[in-house]
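Turn these sequences into a full structure, and let the hints steer you where they fit.
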Amino acid sequence: MDYSQASDELLISLMAQGKKEAISVLYDRYARLVFSLALAILRDRQLAEEVTQDTFFNAWRGAAGFRAEQGRVSTWLSAIARHRAIDELRRRRLPVLNMEEPWWETLASNPSSASGEEGILLMQMSKALSDLPREQREAISLAYFGGLTQEEIAERLGEPLGTVKTRIRLGLKKLREAIQKE
Amino acid sequence: MRPETDMSHEEIKDLLPSYALGALGADESEILVRHLPTCDSCPGELAEYQQAVGIFPGLMPQATPSPKVKERLMALLSPPPGSAFSWRRFALAWTPLSLLLLAGVLAVSFSLSNQLQTQQEAMATVLNLEGTEIAPQAQGIIFFVPQQRMAMLAVRGLPAPPPGWEYQLWLIRDSERHSGGTFVVDSQGRGYLFVQMPQDIASFPTAGITMEPEGGSLAPSGDRYMLGSI
Ligand SMILES: [Zn+2]
Numbered sequence: 001m002d003y004s005q006a007s008d009e010l011l012i013s014l015m016a017q018g019k020k021e022a023i024s025v026l027y028d029r030y031a032r033l034v035f036s037l038a039l040a041i042l043r044d045r046q047l048a049e050e051v052t053q054d055t056f057f058n059a060w061r062g063a064a065g066f067r068a069e070q071g072r073v074s075t076w077l078s079a080i081a082r083h084r085a086i087d088e089l090r091r092r093r094l095p096v097l098n099m100e101e102p103w104w105e106t107l108a109s110n111p112s113s114a115s116g117e118e119g120i121l122l123m124q125m126s127k128a129l130s131d132l133p134r135e136q137r138e139a140i141s142l143a144y145f146g147g148l149t150q151e152e153i154a155e156r157l158g159e160p161l162g163t164v165k166t167r168i169r170l171g172l173k174k175l176r177e178a179i180q181k182e
Numbered sequence: 001m002r003p004e005t006d007m008s009h010e011e012i013k014d015l016l017p018s019y020a021l022g023a024l025g026a027d028e029s030e031i032l033v034r035h036l037p038t039c040d041s042c043p044g045e046l047a048e049y050q051q052a053v054g055i056f057p058g059l060m061p062q063a064t065p066s067p068k069v070k071e072r073l074m075a076l077l078s079p080p081p082g083s084a085f086s087w088r089r090f091a092l093a094w095t096p097l098s099l100l101l102l103a104g105v106l107a108v109s110f111s112l113s114n115q116l117q118t119q120q121e122a123m124a125t126v127l128n129l130e131g132t133e134i135a136p137q138a139q140g141i142i143f144f145v146p147q148q149r150m151a152m153l154a155v156r157g158l159p160a161p162p163p164g165w166e167y168q169l170w171l172i173r174d175s176e177r178h179s180g181g182t183f184v185v186d187s188q189g190r191g192y193l194f195v196q197m198p199q200d201i202a203s204f205p206t207a208g209i210t211m212e213p214e215g216g217s218l219a220p221s222g223d224r225y226m227l228g229s230i
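Quick mapping for you: the protein sequence lines, in order, are chains A and B.
Residue numbers for the first sequence follow the numbering used here, so the first one is 1 and each next one is one higher.
Residue numbers for the second sequence follow the numbering used here, so the first one is 1 and each next one is one higher.
It should be emphasised that the hints constitute simulated quantities derived from the structure, not laboratory data.
Don't take each hint at face value.
Below, a list of computed lysine-lysine pairs in the DSSO-like style, where the Cα atoms sit at most 30 Å apart [what the hints assert, rightly or not]:
hint, chain 1, residue 1, chain 2, residue 2
1, A, K127, B, K70
2, A, K174, A, K127
3, B, K70, A, K173
4, A, K127, A, K173
5, A, K174, B, K70
6, A, K174, B, K13
7, A, K19, B, K13
8, B, K13, A, K20
9, A, K127, B, K68
Structure below.
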């Protein structure tokens, strides 16, 4: 059977049956996404490669527990990768990403990487993040890339907890609205 | 201590964005997690926040991991030695007769290529496999080419394993069991396997075939279907 045309969800169910070709195809589809996220969090290629390997290995072992109604496969893989990368960040006490790096603007410099429906969502999100007040984007970035809680972000920025909560809430509301508009 | 839940619905709703971002502390997370199954609106709203956050990874500068990452991953999933998958597919495309002819050609060419070997050492060794009482119709043969540390297995008459199961070849020496790789059978119970030998065949005088979970086992765990000795 040729698995290259199979949907993500079908690949996951084949993985749950122990089909190694299925994870091979899934890997080819999403290794760049997973690796890029791990690299953005850890900024160390070797560590990011370890996280990538672990992410797919965990996906292989956890395939039977995947529920399509809880979200997309790419989101599931990203969530595994992010948790794993943040674990590594904390364990090694690595510095959290410098929030001045405009990670949300990469797409603007390379628009060809985005196409179709997926590309439209990426463009909308990139623009929505660019439009956010800097403080809101900073709080969101620290939570997402640094794995910091609201309390930890408040401490790090020397801001009241309530202020940080408000920044995250307002910022994320705008991001959510930006992709619900259509 | 269980977190208090005297928060208003509006206050609980305000936890959703932070929760989607993974930035909520343990107490607040627990309040929200206990609220979600009781609420008509919050789960849907949370899914929308999660969808938004789920787009972030696609915005990262895209980079490609070394091909070694995939190799290591796939090796973690496979039993260590033996049957590369492409070999198995290749073997299945052959009829039993042409496969056995090929094995003979390989054996002869290898023996001719090694002038220094005595005739006896250079000859391919043949091991016949018999079905056990649970597979009395099964027949099999293994050609060993000792100098090349390779072997080829061909079987017929094996029952088709249920989904999620495969046959696995074991090379046996005393109490040691060395995996020769896994294989499947076609509708007539025919299966083939190319084996990379760990050491000279002389040290593995016996071979057996068991049924194992797909991907193979580290040691025989299932029923034995075939057995044979040199
Ligand atoms: Zn609610």
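* Ascending list of hint numbers which this structure does not respect -> Going through the list in order, the structure violates hints 1, 3, 5, 7, 8, 9 and respects the others.
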